[in-house]
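The hints should help you fit chain A onto chain C, whose structure is shown.
The primary structure of each chain is shown beneath.
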Amino acid sequence: MMPFLSKIPDDFFQQLLAGMVVNFEIAAIALVLGLALGGLLALARLGGGVPGAVATPVIGLMRAAPTFVVMFFLLNIIPRDATLFGVGVAPSGIMTVALSLVPYSASYVADNGAEALQQFRRGSPLGALLFLPNITRAFFVLVMSSSAGAAIGVTEGIAVILREAALLHGLADKLVLFAIGILLFGVTLQVGFAIIRLLQRHLGRIATRDGKGGT
Amino acid sequence: MPVWRSSLLVLFAFLAGAVAVLPAVARADTPDAALTKLIEDARAEASVSGACLKPDLDRLVRVFCENRLRPGVREYYPLFGTRDGETRSGYDVDVGRELAKHLGVEPVFTRVNAASRVPLLAGDRIDVILATMGHNTQRDGQVRFIRPHYYQSESTIVGPRALAVKGWPDIAGRTICVNIGNGSNAQIVSHNARLMLFDEAGVLPDRLRDETCFLAAQDDSFFDYYFTDPGFAARYDKKFGFAQVPWGMAVARIPATDRLARAFELMSQIFHRDGVFIDIARKNRVGTGFLERQQAVWSRPECNADTGAANPACVLPALKADLEPTPFAGRVVAFEKWFRANTGFDLSLPMFKTMPAWSLFKAGVVNSLILVAGALVATVIFALVLGAVQSTRWRLLRWPGRAVTIVLQSSPVVLTLVIAAAVAHAIFPYSSSVALGAAIVALGLMNGSNAGQAIAEAMHTLRTERGSASIRTRTLFGRAVGRSATQIVSFLINAAKGTPIASFIGAPELLSALTDITAFASGRASTYSLLLVFYVVVVMIVVWLCGKLRILLERRHEAP
Numbered sequence: 001m002m003p004f005l006s007k008i009p010d011d012f013f014q015q016l017l018a019g020m021v022v023n024f025e026i027a028a029i030a031l032v033l034g035l036a037l038g039g040l041l042a043l044a045r046l047g048g049g050v051p052g053a054v055a056t057p058v059i060g061l062m063r064a065a066p067t068f069v070v071m072f073f074l075l076n077i078i079p080r081d082a083t084l085f086g087v088g089v090a091p092s093g094i095m096t097v098a099l100s101l102v103p104y105s106a107s108y109v110a111d112n113g114a115e116a117l118q119q120f121r122r123g124s125p126l127g128a129l130l131f132l133p134n135i136t137r138a139f140f141v142l143v144m145s146s147s148a149g150a151a152i153g154v155t156e157g158i159a160v161i162l163r164e165a166a167l168l169h170g171l172a173d174k175l176v177l178f179a180i181g182i183l184l185f186g187v188t189l190q191v192g193f194a195i196i197r198l199l200q201r202h203l204g205r206i207a208t209r210d211g212k213g214g215t
Numbered sequence: 001m002p003v004w005r006s007s008l009l010v011l012f013a014f015l016a017g018a019v020a021v022l023p024a025v026a027r028a029d030t031p032d033a034a035l036t037k038l039i040e041d042a043r044a045e046a047s048v049s050g051a052c053l054k055p056d057l058d059r060l061v062r063v064f065c066e067n068r069l070r071p072g073v074r075e076y077y078p079l080f081g082t083r084d085g086e087t088r089s090g091y092d093v094d095v096g097r098e099l100a101k102h103l104g105v106e107p108v109f110t111r112v113n114a115a116s117r118v119p120l121l122a123g124d125r126i127d128v129i130l131a132t133m134g135h136n137t138q139r140d141g142q143v144r145f146i147r148p149h150y151y152q153s154e155s156t157i158v159g160p161r162a163l164a165v166k167g168w169p170d171i172a173g174r175t176i177c178v179n180i181g182n183g184s185n186a187q188i189v190s191h192n193a194r195l196m197l198f199d200e201a202g203v204l205p206d207r208l209r210d211e212t213c214f215l216a217a218q219d220d221s222f223f224d225y226y227f228t229d230p231g232f233a234a235r236y237d238k239k240f241g242f243a244q245v246p247w248g249m250a251v252a253r254i255p256a257t258d259r260l261a262r263a264f265e266l267m268s269q270i271f272h273r274d275g276v277f278i279d280i281a282r283k284n285r286v287g288t289g290f291l292e293r294q295q296a297v298w299s300r301p302e303c304n305a306d307t308g309a310a311n312p313a314c315v316l317p318a319l320k321a322d323l324e325p326t327p328f329a330g331r332v333v334a335f336e337k338w339f340r341a342n343t344g345f346d347l348s349l350p351m352f353k354t355m356p357a358w359s360l361f362k363a364g365v366v367n368s369l370i371l372v373a374g375a376l377v378a379t380v381i382f383a384l385v386l387g388a389v390q391s392t393r394w395r396l397l398r399w400p401g402r403a404v405t406i407v408l409q410s411s412p413v414v415l416t417l418v419i420a421a422a423v424a425h426a427i428f429p430y431s432s433s434v435a436l437g438a439a440i441v442a443l444g445l446m447n448g449s450n451a452g453q454a455i456a457e458a459m460h461t462l463r464t465e466r467g468s469a470s471i472r473t474r475t476l477f478g479r480a481v482g483r484s485a486t487q488i489v490s491f492l493i494n495a496a497k498g499t500p501i502a503s504f505i506g507a508p509e510l511l512s513a514l515t516d517i518t519a520f521a522s523g524r525a526s527t528y529s530l531l532l533v534f535y536v537v538v539v540m541i542v543v544w545l546c547g548k549l550r551i552l553l554e555r556r557h558e559a560p
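In order, the protein sequence lines correspond to chains C and A. First residue of the first sequence: 1, per my numbering; consecutive thereafter. First residue of the second sequence: 1, per my numbering; consecutive thereafter.
Keep in mind that a hint or two might mislead.
Stated by the list, open to error - Which chain A residues stay away from chain C? Per the calculated CB distances, all over 12 Å, these: (1) R88; (2) P317; (3) I381.
Unchecked claim - If you only want the chain A side, here are some residues facing chain C, beta carbon under 10 Å, derived: (4) L120; (5) D124; (6) A162; (7) K166; (8) G167; (9) R194; (10) M196; (11) L197; (12) F198; (13) S410; (14) S411; (15) I493; (16) L511; (17) V537.
Said to hold, decoys possible - Derived lysine-lysine pairs resembling BS3-like cross-links, with alpha carbons at most 27 Å apart: (18) A:K101 x A:K283; (19) A:K320 x A:K362; (20) A:K166 x A:K283; (21) A:K337 x A:K362; (22) C:K7 x A:K238; (23) A:K54 x A:K37; (24) A:K101 x A:K37; (25) A:K37 x C:K7; (26) C:K7 x A:K101.
Read the hints as simulated data drawn from the structure, not as lab findings. Values in this document were obtained by computation on a predicted structure and should not be read as measured data. Beta carbons are placed, not taken as given, at the ideal position from N, Cα and C, and that holds for glycine.
The following block holds chain C by itself, in its conformation from the complex:
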């Protein structure tokens, strides 16, 4: 391990962690936008009528849109000097990746949000509360998917790893470097899933307590 460490820069781990913060930043933006858009679509779908008829195929299309293609579509369709009322609106690299994840997050929120609302209306608040762990799960999926930003030059965690890997010569050294990346992302993911499990257990306890209180 020591010979390997001598081959990577001293500030590599610092850069990697900074890059992972970018992954979280992208996921957070995508989730917030997805909650706003997906929430509206869920309400429209449940409301029926014309909005519902429009929302259903829109959600279907968003579900089918590949994130990576949406990212390149946004990158190439919006001019770098685009303005709205004199204000520059061309998204940064981070924002482009976040926006490309919005179709996924919005359709996910719309599906789960509609389900949660139906559960709530049927008198099952616990079923409705499952929306929270589902959203947490989506957040970690978004964190992992945000690595696509490496393809358009966003300096997120995977981009930092790939940059160093390009300077290493042997496959063995590269695999060690990749393993470090998997370990760091894996720990983050597993901690995230542990939080989801804790949240589910907590909600379960609330439901059990409420159930006992009610009988």
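Same frame as chain C, but now just chain A:
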């Protein structure tokens, strides 16, 4: 008067007349005299009342009518065209000023970049392109290049000194940052490199510095400025050069520009011969090797004539970069025009207009479909294998199976693809097929591990439900697959949706192909819209097929 004296007088008069006439004849052959006459005639036409209001006005006459010349120059190309507030500087800018000065009019500059310079000229927003534009045969059909050429450069690849890149074989599979419209992009693509596209060349050094790009390709003249910075020179070096190309000023390819083009040709000859270009180059710290060689050429008697610009012995040929048109290119162009006329929207379909683009497009579609089909099959195979391994009662098999699943779940999709590609390239020499295969395996492993986990969990629930009841493991596994049908289908759809990311490791699918096409053709907006439609339709078909599969699996699960 004696006869001999009158004879002497006649002879003297003849000689005097000959001496007086000879320089005039010689002057008429020089580019200087031809230019003077051209300018005087055009000025005279412009001064005629109402002449400037004529439709289809000659462009040289219009320059004098408006008392301005409108060169299109770059604003973000150090040493050649930069802008600091209202101050423009650079070799191209100063050449534009010198042209306007020779015509006796004011230069009015307009910003252009590699992608916009030809459309702006075609739209009559500028009179002449003076924007680092390489003269190749492909562009000959779009604009009228001025000869002699006013500069020459070659493309060069720049990257960190520590990176061992010496030639084309080292480029395969790597990402190279380029600006859209650069003449050498097609050549880079042909060596299996991936492109990261930028609108302006000026951002490339910054993207190298912030490590967004690892390698960048641009004209050597462009990078020369950055290599004057010791910090930049210490970190990066030129890896190798290719595609030597002369730069040309260019005017619109219409009859009304005949005399304007002629004026520029004559001025370019004079500027070479008299060292005007060399002086401008020195002022802007631009290399003068090419210009010095050209000065020698244009000082030669056969070149220093008003016909010099048409003499093949004096002018340089354009770089051969003709893209063969498709047999249906004419119909595609007609359709684009019809669409524009009827909708008001510009639709550009470069993938149908030239043979290289058409070949890339067809291969991209076929490879994308292979990739989707391969990813689906690989997902099913890995799901069944990892599901079976994780369902076994033997711990020595079950635990490694679980470990593999956790590792695959913990690895971001891009990293898994890169690992698969690195391992594949360590075993096989680089090729598009290897990249495609590596992507199929990576996508299959990522999605198959999750689906396999679902099968194992379903198997566990079935065993718990059945307690000690005797049932064949194979039958039970079949039912577990049926029970986890929803999860399997979900990951199959995920695999199909994930296929475009294979372009990251150089798999030549449609996203990769269209990125390559847009690097040397226009029409990014319609190209990427088409790409999005293609993949959405493919994924929707997969969703529909997977729906059928789920029904089939669930029926099997319900069967006694």
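Checking against the hints above, which ones are violated? 4, 5, 7, 8, 20, 25 and 26
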